[in-house]
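Q: For reference, the chains in residue letters:
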Amino acid sequence: MTDVPMFYYTTLAALLFSIGAVGVIVKRNPILIFMSIELMLNAVNLSFITYSRYLHFLEGQVYAFLLITVAAAEVAVGLAIIVALFRSKREVDVDAASLMKE
Amino acid sequence: MGLSELAFNFLTTVWGRLQILWSEPARQLTHWGWEHQAYYLLFPEISLLVGVAVILLVDVFLGRKAFNIIIWIAIVALFSNFLMTLHLMYMTSRFFSYGLGLWWGQLETIDPYALFFKQLMDWGDILLLLVLFRYPLIKRFRSEFIILILSATIAFDLMVGSSDLLAIYVMTEFGSIMLYLLAAFHKDKLKSLEGGLKYFITGAASSAAMLFGISYIYGIVGSTNIYEIKIRMMSIYPDHPLVLFAMVLIIVGVGYKIGVAPFHLWAPDAYEGAPTPATAFISVFPKMAGFAVLMRIYLVAFAPVAQVWLPLFVIMAILTMFVGNIMALTQTSFKRLMAYSGIAQMGYVLIGVICAGLAGPNEAATSNGFWAAMYYLLIYMFMNLGAFIIGMMNEVSGGSDHLDTFNGFHQRSPFLSFFMTICLLALTGIPPTAGFIAKFVIFVSAVDYITRYPAMFLLVLMAIINTVIAVYYYVGIIKRIYLLKPLRTELARPFTPIFFQRVAVLVPALASLVLGIFYIDAPMNYVKGAWFMTYYTTIA
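Protein chains in written order, with our numbering: chain Z, 47 to 148; chain C, 12 to 551.
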């Protein structure tokens, strides 16, 4: 098990996080933005579990469960906002939501 | 036995029981045992939770007619929260340090620092609820609005006491989810939904960034407890790039909550779209809770490696003040203007945090900068809430939140105009008001470090330049109120606020005047003394 160096896991987590962050910036569809945010959160989970494994503290794995729960609650609210937006506008696009500008 | 005698006997018995419960908690608690003791310390939050539950039931059974009853229930819940907090403040004062310390698996701290912020939030919430007694602009889902505000207050109450990075994250998320809903409250208005969506997307992304930072801190020091991190941070190599990286990520998360400069972009849109009471809530309470958390993270956990984060904070403070003030100059909407003004005000608080960071890990909690930042937040709550409450009433009587509706406001209501002037002068920082004292203590604490750190001179200079810029738009509103003529004749028709609204205007406006004339340092001694103590008992 410990044959795989920790570096691999942390690099993967950092990569996943970066992909998610870029997705949040680049994507125009709110649903895809949410997927990118989920990717970021899962990168965090991976990072926590990696450190938990290599530091021999079990706390980190408990944190991962906690984060999954919180993320689910967060996305429920976000999807509700998107559904409400879709109902009044009949399209979901962040460029369409640009009533307020400088 | 007569009825009056019976009633008297009953009341004296109840009073006797209450006295036992309230005046000898230590004895009672040893009797109840350890677990009950921990619940006892959660009573402030539990009272709010009970309030939320009762409001839900009342809403189901009495329907929409009972809106005034619902507000009264919320006020009673907040007031019992206030009494419990006051009681805990007495118990945790430095003469009688009962209950002080870390609780519930070291996730939450009961200390004067947290209780100070819990109290401020009670006062502010009650003031905001008083206005809602007659506020016609939220017609549907009014009781849900109250529930969201109360739930967010529970979240912020627990957030200011969090002493574990994970507890901080969970409570921040809890509060933020309530705020997303408040921002997107008018679900048939596109502006509100748009503001809510922007708030949500940036908020979720920045929380994820903060979590990534937390996971790195966990990896570096092997713990997420604030006080553990502080001890272990003393022995790490601070120039490691991962330390800087983790701190930057955590600043992204927390800085977003308080709306400081590179992370402020959500603020104007969310403010403009949200219903005005929600905007007033968003503009004060998350910022206070966020700063409480920011100071706890950076002045306790990361204080030993202050040289890593201080330069970032200096850049952020300067950027925050300039962006906020310069963008505010051209705004035509009152809510957008207050959004940028709120951003600019947070820059001054950051100067206080920087000074406390410069004081060093062991002196941060007793430094002038720490106190100055807390005092600024106290004053900011009063003056900003006062301005917003009057802005709400202007919106009700004037029809929109455009700044033009302030033209000739004194013909509509001389009472509101006068107190609006006080609040705006306080926000500017003109001498007889509390805003001046707040800025003054910030600048004094910064000037102390000029000889040792020349960069602080630049920071103070920038802050003073910004105070001057801010005069333009704050006094611009006063000019509209008193010198310009109303746009339409119906805007000159007199508007009389109801009694509760008058109270909600008088309290913050007078507070931001009186606290400027009498400088009160009693809370300072209280907070300083006992936070210090928590900190040492934990180290030992």
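Hints are computed from structural coordinates only; laboratory data are not their basis.
No experiment lies behind these values; they were computed from the predicted model shown.
Careful: at least some of the hints might be erroneous.
Stated by the list, open to error - Some chain Z residues judged to face chain C by a derived CB distance under 8 angstroms, without partners named:
#1 L61
#2 F63
#3 I65
#4 V68
#5 F94
#6 L101
#7 L104
#8 Q107
#9 G124
As the list claims (entries may be wrong) - Okay, derived cross-link-like pairs now, SDA-like style, lysine to any residue, Cα gap no bigger than 20 angstroms in a straight line:
#10 K200/C / R136/Z
#11 K202/C / L62/Z
#12 K496/C / G410/C
#13 K135/Z / L201/C
#14 K200/C / L125/Z
#15 K202/C / A126/Z
#16 K198/C / R133/Z
#17 K198/C / A126/Z
#18 K198/C / K73/Z
#19 K73/Z / V129/Z
The beta carbon of each residue, even a glycine, is placed where N, CA and C say it ideally should be.
Q: Which numbered conditions among the earlier hints are violated in the structure presented, ordered from lowest to highest?
A: Failing hints, ascending: 1, 3, 4, 7, 8, 11 and 18.
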